[in-house]
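Trainee: Sequence:
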Amino acid sequence: MQIYNTQTRRKEEFVPIEEGKVSIYACGPTVYNYFHIGNARPFIVFDTLRRYLEHKGYEVKFVQNFTDIDDKMIRRANEEGITVKELGDRYIKEYYKDADALGIERATVNPKATEHISEIIDLIRKLEEKGLAYACPNGDVYYNTRGFAGYGKLSGQNLDDLENGARIDVDPNKRDPMDFAVWKAQKPGEPAWESPWGMGRPGWHIECSAMSMKYLGETIDIHCGGKDLVFPHHENEIAQSEGATGKPFVHYWMHNGFINVDNQKMSKSLGNFFTVRDIAKEFDLEAVRMFMLSAHYRSPINFSRDMIEQAKASLDRLYNARDHYLFLMEKAPEEGTLDEELMAQVKATREGFDAAMDDDMNTADAIGKIFELVRAANTMLSENSPKAAFKAVLDTLHELCSVLGILNRKTGASEDDGVQALLDARAKARAEKNWAESDRLRDEITALGYVLKDTKQGQQVTKAL
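The opening residue of the sequence shown carries number 448 in my numbering; numbering runs sequentially from there.
Don't read these hints as lab results, they were simulated from the structure.
Only pairs whose alpha carbons sit at most 25 Å apart, straight line, appear in this in silico DSS-like list of lysine-lysine:
#1 LYS458 to LYS503
#2 LYS838 to LYS778
#3 LYS778 to LYS834
#4 LYS577 to LYS621
#5 LYS857 to LYS816
#6 LYS458 to LYS674
#7 LYS857 to LYS778
#8 LYS794 to LYS503
#9 LYS661 to LYS559
#10 LYS838 to LYS503
#11 LYS540 to LYS508
Between the sequences and the hints, there should be enough to build the whole structure, so can you do that?
Mentor: If you want it as structure tokens, here you go:
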């Protein structure tokens, strides 16, 4: 498998640190609100990465943090008259609701910054001992960027270039404008923890270094997140982690491209800022996942209602094909000769899918391979095909779509006794040529949200999408 490594700016053969196992750290949300569609892209993309590595047989340990203390959270909690913890706990629950609806599997560990204060303090003290962090008279602690020779290697710039192009927090306590806070002294009304430097709280960047090392070790296989995190967040993580341990922090850095909305940068001021919860009011979130995977993860992607509608139409085609094959398989003969051309297409689909995913996780091409199988199966499968032929196609469809996290819903009526009773009654009415009753029952089934087709093999019912 080839992975594009942000740090080296080229595709590299993926070789895990430990054979058969993969460690991944993914930057998670700051839990002060529902997450937006820009956040959704890395969550979906790197969930798919994890699924594919597991598909290849790796044992994956996937860590995604919750930032549950920062300036935004403090402001929001104060506005609502609640504690920061109450705010964080609320939006962690809401995160899981939206993540579940997007088909995002639970991480192996979802650590919270506030539950790892001791690890964060230990890491800062280690940096102090090495001259890479310094305390200020007011209780703030800063990282000494000039003391770390490799600073800038992820973003590909040196410190002077970064300083010229960065928005820098002015603080007279800093030794250098590019130094960043690893510990912040308590201000009035803020939550705080005891530390060697007085009451305070961790800076944003330090939490990920501390939690990554606790759960995955000092060197990990893959660290991922949005392109916007390359600088300063991930650059600072490298400086903190490698400065403390003297070892490489990450072997492969993966970053997804930006999302525009209707060809404009997403912004609250432009009125084009949407949370996933907003989108769920209008669209099934499985269609949003399909949309996100329809482009290469490193490419910019344009979010619009038309694009989501197109993704939904593609997803509908897959569901309709799957349900049609399931329906025909129930009536298919047990024995029969397998179509060699169809079986060759099944094999080619599996190989093509893996080749696309092995090429820096090219989900767009992988989806294309699935549709090639559907087109072939639509032509080659018939009511005379043996059950084994349908099973070969369906097993492939389910397995590959599962890697992408799609095609998970059950759309038939077999588990709905009420609908099945209506279908049985309608079959009886048709046998008795009671067409008025048949039509009435059809309308009742349709009103319950099902699509009904009369075929040579009988009534075919699927859940409307």
